[in-house]
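Peer 1: If you read the protein sequences in the order shown, they are chains Z and F. Numbering-wise, the first sequence is residues 15 to 185 according to my numbering. Numbering-wise, the second sequence is residues 63 to 613 according to my numbering.
These aren't lab readings, by the way, just hints derived from the structure by calculation. All figures in this text were calculated on a predicted structure; none of them were measured in a lab. All C-beta atoms in this analysis are idealised placements derived from N, C-alpha and C, irrespective of residue type, glycine included. Mixed in with the good hints there might be a few duds.
Claimed, not checked - Below, computed lysine to any residue pairings styled on SDA-like, alpha-carbon distance capped at 25 angstroms:
{"hint": "1", "chain 1": "Z", "residue 1": "LYS142", "chain 2": "F", "residue 2": "SER90"}
{"hint": "2", "chain 1": "Z", "residue 1": "LYS142", "chain 2": "F", "residue 2": "GLU97"}
{"hint": "3", "chain 1": "Z", "residue 1": "LYS22", "chain 2": "F", "residue 2": "GLU92"}
{"hint": "4", "chain 1": "F", "residue 1": "LYS99", "chain 2": "Z", "residue 2": "ALA144"}
{"hint": "5", "chain 1": "Z", "residue 1": "LYS63", "chain 2": "Z", "residue 2": "LEU84"}
To be verified - Computed far set for chain Z versus chain F, every beta-carbon distance over 12 angstroms:
{"hint": "6", "residue": "LYS19"}
{"hint": "7", "residue": "ASP42"}
{"hint": "8", "residue": "LYS52"}
{"hint": "9", "residue": "ARG60"}
{"hint": "10", "residue": "GLY62"}
{"hint": "11", "residue": "ARG83"}
{"hint": "12", "residue": "ARG132"}
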Amino acid sequence: MPLVKGGKIADDTFTRLADDAPLPASGDILLSADRFVKDTDALLARAGKVGVIWPNSRDIDELVPHLVRLAAVALVFPTFRDGRAYSQARLLRERYAYRGELRATGQVLRDQFVFMLRAGFDSFEVKKQADAEAFAQTVKRYSVFYQPTGDGRVTALHRRMQLRHSEGVGT
Amino acid sequence: MYAYDEIDRTLVNERVSEFRDQVKRRLSGELTEDEFKILRLQNGVYLQLHAYMFRVAIPYGTLSSDQLRRLAHIARRYDRGYGHFTTRQNIQFNWIKLAELPDALADLAEVGIHAMQTSGNNMRNVTSDQWAGVAPGEIEDPRIWSELLRQHTTLHPEFSFLPRKFKIAITASDHDRAAIKIHDIGLRLVKNEKGETGFEVLVGGGLGRTPFIAKTIKHFVHGRDILSYVEAILRVYNQYGRRDNIYKARIKILVHELGIEKFSREVEEEWQHIRNSSLQIDDAVIEDIRSRFSYPAYEKLPHMPDELRQAAADPAFEAWRKNSVAPHKVQGYSIVTISLKPVGGPPGDATAEQMDALADLADKYSFGEIRVGHEQNLALPHVAKRDLPALWRALDKLGLATPNVNLISDIIACPGLDYCSLANARSIPIAQELTRRFANHELANLIGRLHINISGCINACGHHHVGHIGILGVEKNGEEVYQITIGGRADENAALGNLIGPGVKFEEVADVIEDVVEAYLALRERPEELFIDTVKRLGVEPFKERVYATR
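Build the full structure now, drawing on both the sequences and the hints.
Peer 2: Below is the structure:
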């Protein structure tokens, strides 16, 4: 499954670690929430980055105390119809100021890219190769956004105000 | 009228290109039907019994004459020459070809119409009072706020994959014509003691399998906070609404399971985090939206022009005027409701020719504006009273002057088994038969205001729970069976109807309804007591006794 990061297909430095797999001495690892919660201190003490896969049915509050030490949070879309992780993503970025990698996993398809970017995701485990290849093109589909989110894009309401102001200055 | 600016036009055009690409990928097999389904739903495209159905949004029920002409064009060019107005200020076309949909959307986009989020588990078309801006005594024009919410809910990055569909309705009048109490969120415009505009917010209304009347979650939310408050409700719902069972996924179930107190605490907590964010709306933003609504330059006209006085001698005109013409906030003008319920016709249908002709009449008599109401009728919102007789003659020629607005044959019905793949039973033929039974205008007038609502399945698109008489078609042992309720209503005193007895067969429905009406005529205290009031006073029992005594 291709990973899109920084707007293009990239190598995944993280290795997914099963709950019963031995802990490697070094290297970047991605773990389940259960394993992370059970063994947080030991995991964070070792060399190499740690990321956690956080289920969409688990309260994000539980993760908040650990955010500063996490290199990646992977949120889950069990199917693309299940939109809970969009709320989790916005909370992590906008309320808890999480600045590490925020990864979309599960059924990640082309037609969700714009929503995901706006919610704060910056890396994507994309289901289909063709969708991953179309990433750069797909995210340019929209130039108008009605809602303010943490991604800093100017909303339609504000752009109107700016236009109005600049017109006012000219006359 | 709200006029799109370059920003709105750009977004709609970008949406059309995206959908064109999605259809292309579906036709090439790149997208599976399962993957494509949600994408097409988000663009108003259902797969029905015979073909794709295409549902187009008419936000808050306002249309310009050019927009109505374009809808006529869609009916003619891509469909079979007619469209069906729904109970949520949408129009549906029933015979669209998938490959032609992007072109149809592009044609609509040219006049500022779209089909975004008219189906799917997202925020649906924001609806409002079809008399918004012209009804006497209104707090203020609710369409300003409806448009603000339309924009905010369009392609929302967080709430486009909700547990289930989500509907918002807004009213600004004491008499609720927008049925806000049967919506996921109902907003009632109010003023606080300082004279500031805000909203009473209701939540958790809805029909379907488990009907609920919405409950008030907050008595006053200031206008500047309405987006953050709605966002807080949605965020709680998106995270905690049930996703394990489609029939328990609406917000009404979450509100019911948590209880309104706990639910409102959750929302309040979330709201405190986001109310002072960029979601707060300043006055300049509201004024900017308000400035893009245009209002007619009304003339100073007499309350009772000669034309109207003379026409009063014609009983056919008077019959129509009495139930189709309503007071306007400006002296000398009227609001004219146009019945889409001809005797023997499917409720809410209009032909392309009727739409074109009506657009011309709107240009001539109503400053180019048309409204669409949830009762599946249209309205011309600014008709000078002196023009009423001429307008009536023109409407009559088009088959659009049936004098039955708010009478028993002004029936609300879903498409039912004739079109819909969800339906268990037919709706339209029941409605057609009832309009024939009550075709006599004197009889209908004698009965007075009475709303019949028909749904062909438990999903309740015909709002049967809130009909004064509700008819629900179900399937039992391979046969269509109809359950009949009485006492429902969708207005400010919204209530769910109660069953009057065992279900009846298709052939018997009209007879039973006639018996219910006869029972009412015998039971009412005086001719002015409306059906709904007699049911409220006496309950179901006396009706049940009379209707089922001989069955």
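Peer 1: Please name the hints from earlier in the document that this structure breaks, with their numbers sorted from lowest to highest.
Peer 2: 12
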